[in-house]
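Residue numbers (this note's numbering), protein chains in the order written: chain P, 50 to 500; chain A, 50 to 500.
Be aware that a few hints might be false.
Derived DSBU-like pairs: lysine-lysine, alpha-carbon spacing no greater than 35 Å straight-line [said to hold, decoys possible]:
1. P/K209 with A/K103
2. A/K426 with P/K426
3. A/K103 with P/K223
4. A/K400 with A/K355
5. P/K103 with A/K201
6. A/K103 with P/K201
7. P/K209 with A/K223
8. P/K223 with A/K223
9. P/K355 with A/K426
Simulated from the structure, these hints should not be mistaken for lab results. Predicted model only: the values in this text are computed from it and were never measured.
2 protein chains.
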Amino acid sequence: MLTQTGLISLAEVTDLNQLKLELSEVPAIDVGDYIEDLPEERRAIAFRLLNKGKATEVFEYLEPDVREALIGSLNDGQVHQLIEEMSPDDRAELFDELPAGVVRRLIQGLSLAERHATAMILGYPEGTAGRVMTTEYVRLQEGLTVLQALEKIRRLDRDKETIYYAYVTDNNRKLRSVVSLRQLLFSLPDAQIQDIASDRLIRVRTDTPQEEAAQVMMRYDLIAVPVVDSEDRLVGIVTIDDMVDVLEEEATEDIQKIAGVTGGDESSLSPPLQKLRNRLPWLLGIMGLYIGASSSISPFQSTIAKVPVLAVVMPLFSNTGGTVGIQALTVTIRSLGVGEVTPEDTWEILKRELQAGLGTAFSLGGTMVLLSLIWTKPEERWVALVAGVVMSINSLVAVTLGTLLPIGLKRLNLDPALVSGPLVTTMLDTIGFILFLTMITVSLNILGAPV
Amino acid sequence: MLTQTGLISLAEVTDLNQLKLELSEVPAIDVGDYIEDLPEERRAIAFRLLNKGKATEVFEYLEPDVREALIGSLNDGQVHQLIEEMSPDDRAELFDELPAGVVRRLIQGLSLAERHATAMILGYPEGTAGRVMTTEYVRLQEGLTVLQALEKIRRLDRDKETIYYAYVTDNNRKLRSVVSLRQLLFSLPDAQIQDIASDRLIRVRTDTPQEEAAQVMMRYDLIAVPVVDSEDRLVGIVTIDDMVDVLEEEATEDIQKIAGVTGGDESSLSPPLQKLRNRLPWLLGIMGLYIGASSSISPFQSTIAKVPVLAVVMPLFSNTGGTVGIQALTVTIRSLGVGEVTPEDTWEILKRELQAGLGTAFSLGGTMVLLSLIWTKPEERWVALVAGVVMSINSLVAVTLGTLLPIGLKRLNLDPALVSGPLVTTMLDTIGFILFLTMITVSLNILGAPV
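For reference, chain P alone in the conformation it holds in the complex (with noise of 0.2 Å):
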């Protein structure tokens, strides 16, 4: 819905050269989405008018299902040309995509050198740089002059990812320095590169995770980055828009996992099988969490029978307190994600929820009273006050462990999303129920408070 080019249905098209003309000047992914909205035996028509690199970039933006689809009905010729032409990355995560005999034989066609790259990206766990890096960039040999350097790149560098960052190494391609391509236009031809370029680079290895990847480039809001390996020699480059697309998963990612959907980014229109097993198992589990939670109040049974306005008391503390931890939870994992805190900053970090925490629960508390006034009758007041209590002591506890619990997780190397909202709501309820009803009962039984 934010393609900004209209494009004729193919059911409508009486000449295929003016097709031709129309595809080759839209923007590749308005192509993929066009493909994608023909019906099947048509996709392949269309996309054989594709001129060769147009064709590689259309594929890269297909969905699996539909890239699987078309290999199958391209020539062998076709398909071994689409998969050379392809950037390393992008054959890395097709291969993943595609079933095993079919990725042997395609990797057979490929020539050695692609061969070679698309197995190094292969070989790098997913999720890191070097999974997500691409093999095309710009490499330097010390000792060259700018007018060397520029002549190079326009002789060589025709196809790679990015130009606007050149990387020097020295014979051992170690990373020695950068240049951008703005300071080797904007200095003098005969300039040495090692004189302009800048040694203090921001670099990452092959093992970073993608997240800290990209927020390093969004610190030093970098176009591109290199990586290296575990010798500082220079291996690939990682480029800004597969970063941009690393931080919106991760971004829903973190989202989801809070509210309890796991399986990474859903959309709203994945099937309704993949919706419902990304969020039944914690559904369920949830559910079983909860027998902690009801079991405590079963015992309170006669109590309850007793005062029955408990019943309409304690939902409401349930509902604002789960409320309270969800708060601090999501700020805390937020935090986290975007690499503003660190596990360093706990204690800093709970002193000002445990501040902030204060003031809720004092007005939780005070409302609390209030509002349990409307429903309690005149000789049952006294659990009114004893509501709000518990509902200032639930607010900090709340605060607590919505900043602790994704803390922790952290510095056990985990992801801190795993404390679920559910899971959080699940722990406050069982922990004010118990405090409430023995409250209750204790004033009720022992100091003989009236009903």
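With chain P fixed as given, assemble chain A onto it according to the hints.
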């Protein structure tokens, strides 16, 4: 903590020239962090060590209060030079933060061109492309050759924020086409730029919301997008580094709004008072709304006194039903937020959510029956059946509300994330409690079910 460069503390500095050299080599954002960490009285000392260009860059990264203090401690000449050198969009942002009196004085010190550029940007509403664009872009007149274009860029565009795209305009500044520096570099020097430039170019308007501009850039993998006025005249460009920040802010806002935290992006380290201001209104609002839910239970107190196991079962389906609602809500808000779906897709989305919802309703209803059997006495077993039925119905209501409420807001051109999680759980509790307690009371009093 993502800083890749270490700096010594100013207290340890014996040689200011050494520090000056260090500061000139470290990225501006790291220098900014370094200055912010210094005691207040030393910040101006360190800042004065920076050369002109670096000072401006560093200044743009400082926190608002640090900037204001610095403006106070530098002399007028230094301040005017600093402000003059800033890019118009960052200057506009600075002026937004400073007291009106200070801004007036600063504006008077600006050159006419910069004053004009800033006034134009400040004229666009916050949150639009016009407000985040920069007016420093490369513009080429139609009719130039590649060589002339490169010469023009080399001579006149040294200060432009990005030189990697050049925009071609006609005599009336109307945007005609775009050519990348890459294309210029790989073309023959005497080619006409209009022959290599693309006239199918992606553009946004000054009043395009910033999230939409960010999504367009993401879709088309652009590192800059031109901004045009209502008459299609080029007035600025938006660059990818600003858009990445916009995407991150929007994601944070969405996450936090769903959790009931208002007021933009709160960090774990935000001041406690701000935290309280962001969260308490929602909590009190939710408690106020919950009067409805609790009041709906109140009339059934005699039923609860007769069947106190109801108080054990009710929190279970309230917690679970709330989670079902928040799951659907979160997926919907995120899909709308990243532009994957629009309100036109309403029925398709609802269909899929309800199909998955049927599976959820069936599973959770069954589990509810089984779990309720734990706490019900033999003669109360029928309560478990009613609880299961209500759980199923509640699940279907939950996915419906979680899907339709945010889409409805979007249709009204409001922010879908205004329907926060706690709002949905409050609505679901009210509906669920009324349904459950009515069914139980009818079973007891009219059907004569045993207790």
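Consistency of the hints with the structure:
At most 35 Å may separate the alpha-carbon atoms for a hinted pair to count; P/K209 and A/K103 meet this at roughly 31 Å. The straight-line distance between the Cα atoms of A/K426 and P/K426 is roughly 29 Å, inside the 35 Å bound, and the hint therefore holds. At roughly 29 Å between alpha-carbon atoms, A/K103 and P/K223 fall within 35 Å of each other, so this suggested pair holds. In summary, the hint linking A/K400 to A/K355 is not supported, as the alpha carbons are separated by about 41 Å, beyond the 35 Å threshold.
The straight-line distance between the Cα atoms of P/K103 and A/K201 is roughly 31 Å, inside the 35 Å bound, and the hint therefore holds. Between A/K103 and P/K201 the alpha-carbon distance is near 31 Å, which keeps this suggested pair within the 35 Å criterion. Taking the CA atoms of P/K209 and A/K223, the gap is about 32 Å. The hint holds against a cut of 35 Å. In summary, the hint linking P/K223 to A/K223 is not supported, as the alpha carbons are separated by about 47 Å, beyond the 35 Å threshold.
For a cut-off of 35 Å, the pair hint linking P/K355 to A/K426 stands: about 18 Å separates their Cα positions.
Hint violations for this structure: numbers 4 and 8, all remaining hints satisfied.
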